[in-house]
Amino acid sequence: MATIESIQKAYIDFVLTEGQQPKSVYIFAKKNKMAEEEFYQFFGSFNAIEQNIWTGFAVKTIAEIKTQEVWSQYSAREKALSFFYSFFELLKSSRSFVVYSVKKQQKSFSTPQTFTGIKDIFESFCNDLIVEGLESNELSERKFFSNRYKDALWVQLVFVLNFWINDNSTGFEKTDEAIERGINVTFDLFQRSPIDNLFEYGKFLAKNGGLKAKMGFGSN
Amino acid sequence: MNDNTPKEQNSIPTSKVQRSAKFVKTGFKIGGNYIKHYSKKLFNPEMDKSELNEDNASDIYESLSELKGSALKVAQMLSMDKNLLPQAYTDKFSQSQYNAPPLSGPLIVQTFKKYFGKTPDKIYDKFNVRSSNAASIGQVHQAELNGKKLAVKIQYPGVGDSISSDLKLVKPFAFRMLGMSEKELDIYMREVEERLLEETDYELEVRRSIEFSTACAGLDNVVFPKYYPELSSKRIITMDWLEGKHLREFLQTNPSQQLRNTIGQALWNFYNFQQHELRAVHADPHPGNFMITSENKLGVIDFGCIKEMPEDFYYPFFSLTSTGLMDNKEETIKAFRQLEMIHPNDTPAQIEFYYSMYRQMIGLFAKPYITDHFDFGQTAFFDELYGFGEKVSKMPEFKQARGVKHFIYVNRTNFGLYNILHELKAQVRTDTFKPHVVEQFA
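Just so you know, the protein sequences line up as chains Z and D, in that order.
Taken in order, the first sequence gives residues 1 to 220; the numbers are from our numbering.
Taken in order, the second sequence gives residues 221 to 662; the numbers are from our numbering.
Just so you know, the hints here were simulated from the structure itself, not pulled from any lab data.
The reader is advised that the hints may include incorrect statements.
To be verified - Within a straight-line C-alpha distance of at most 35 Å, the following computed DSBU-like cross-link-like pairs (lysine-lysine) qualify: (1) K338(D) to K92(Z); (2) K174(Z) to K446(D); (3) K454(D) to K9(Z); (4) K517(D) to K446(D); (5) K150(Z) to K517(D).
As the list claims (entries may be wrong) - From chain D, some residues computed to sit far from chain Z (all C-beta separations above 12 Å): (6) S324; (7) Q330; (8) D341; (9) N353; (10) L365; (11) T434; (12) L451; (13) R499; (14) T513; (15) L545; (16) H563; (17) G583; (18) P616; (19) R649.
By construction, the Cβ of each residue, glycine as well, lies at the ideal position given by its N, Cα and C atoms.
Start from the sequences, fold in the hints, and give me the full structure.
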């Protein structure tokens, strides 16, 4: 009897050996000695398998980091760091598949279908920690922008993923550094910073702009 | 920068460009400090340079401590040479011997997963992700296993990679601060680089720590933590947690003269046993590497830096500490030649000059060895030592490279030892482990 895992495994094995997706579900099912309809009980298409594998990475990572004893003591920043480190540690065991799956995507501005599932999971994870960070005042509440914090983290994830794929340092140490630095910069921006002060100063000037005319130099 | 508690630091700038940027920033700041100094001086001519020195030291410390790793190590080394630096630099640098801002918790967890495949809380019964202090190229965490308190030292990722590029960056600063010639600095830097690279090898450090603590086990009043090779790896060292006070804290408790003598004696024996019996020495005698335990014993941690002394250095150098040889001018000059303190193409006048200078210098250094006991509390000896150092550092004859490279760490070790003994104001029996000497050279 096939299971989600066994189909995923067979699929990964197939694409890595053949370098491409099976021509049809029929061929794939036959090769793995199961009925085609059995396949559809689990997945609607090959892309759905890939999507599911990616989602699985995130779900597994989140479950894993939450079991760590230190989890509850972590700040939002550290929780994000923890996700990134564990995620890429997990990816190591499936590096070939990851490289295959990422490289196959066409360049586009919207998120490729393969990644829509993991994006949802990741964003809801980020949302939780951002809300937590806002409540504890670790992060700065900004109109419009604080809703977009999670997008910045998603961009980071995609960036580090591409970095990791091209990383050939031993033990992917460079990726660790990319994470440490990238996430920290991102969270530094989320915190109250000179930008906020600059922004507020701008607002002040705009509101009190009338003064300029009265105080203007030499107009009368 | 009045904030005395260092902020938690979340990244080490590691790429060379980024590190350079850091140093450039320091350069600007120092420039700024000079401007500040001179503009203030316009209004107040009485002002001396100590505020300026303090500003500079503080900025340099800040950028060095953000760079972590080898740069911090250099800061530590510089602070050993009190005679070479104005007081303000020294005070600020001494900070780096105790604390530098820590790295983020998840990176620690990640390092464990990488080397043991498990998170620290699965390896130890308890593990504190907040580090208790920095160890220059790593940081120390407290852990517990089977009821035992442990110290876990974790190395920052990428430290080994950045050492060489770091030292190149430190060079112009060291150059400016120490006023050394480029060639002299080069010898120094290469030797330092070699030792630092050894220090990044934690597997080697565990092996050596076990070797040395076994060899020194017979010494009175010296204790070592137990090391756990099975809980150590390339980037992680696990050892027993030594409970105790750092030197400075210990001194604040106003210990009795007798107690200070005991600790001082333990320190003296520890170093001289290594130098003269093992011919390899724990070459990092900064106060942060020692603890005074509640039983009033000297605890020694950190065997990262070991200097081995080859025979062709050991014999000429330590033989000079015996009066018999120093009274014989011809043999002394032979020894100086072997140590490259006198060069083959020196003129007779130069030979005479360097002979008399080095004779004085080594005579000073050897003072504690000449008698069977020595009072390190007396300031006269140290004033003479620093005074001589200052005089020499201003002499153009000493701008060029002289002396074999082994001097760097051996001097650092011995002057470091003298300094600590001085801070302890200890009276020490100095004939416990005597140098092996020869009185004639081939």
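Right, here's what the structure says about each hint:
1. K338(D) to K92(Z): 15 Å, holds
2. K174(Z) to K446(D): Within the cut-off at roughly 33 Å; holds.
3. K454(D) to K9(Z): This hinted pair holds, its Cα atoms lying about 34 Å apart.
4. K517(D) to K446(D): Holds, because 15 Å separates the two Cα atoms, which is no more than 35 Å.
5. K150(Z) to K517(D): 54 Å, violated
6. S324: 6 Å, violated
7. Q330: It is violated; Q330(D) is separated from chain Z by about 4 Å at its closest Cβ, not greater than 12 Å.
8. D341: 4 Å, violated
9. N353: 19 Å, holds
10. L365: Non-interface label stands for L365(D): nearest chain Z Cβ at 14 Å, farther than 12 Å.
11. T434: Answer for T434(D): holds, closest chain Z Cβ roughly 32 Å.
12. L451: The claim holds: L451(D) sits with its nearest Cβ about 18 Å from chain Z, beyond 12 Å.
13. R499: 35 Å, holds
14. T513: Consistent with the label, T513(D) stays out of reach of chain Z, its closest Cβ about 30 Å off (over 12 Å).
15. L545: 51 Å, holds
16. H563: At roughly 44 Å from the nearest Cβ of chain Z, H563(D) sits farther out than 12 Å, so the non-interface label holds.
17. G583: 50 Å, holds
18. P616: Consistent with the label, P616(D) stays out of reach of chain Z, its closest Cβ about 45 Å off (over 12 Å).
19. R649: 49 Å, holds
The earlier numbered hints that this structure contradicts are 5, 6, 7, 8.
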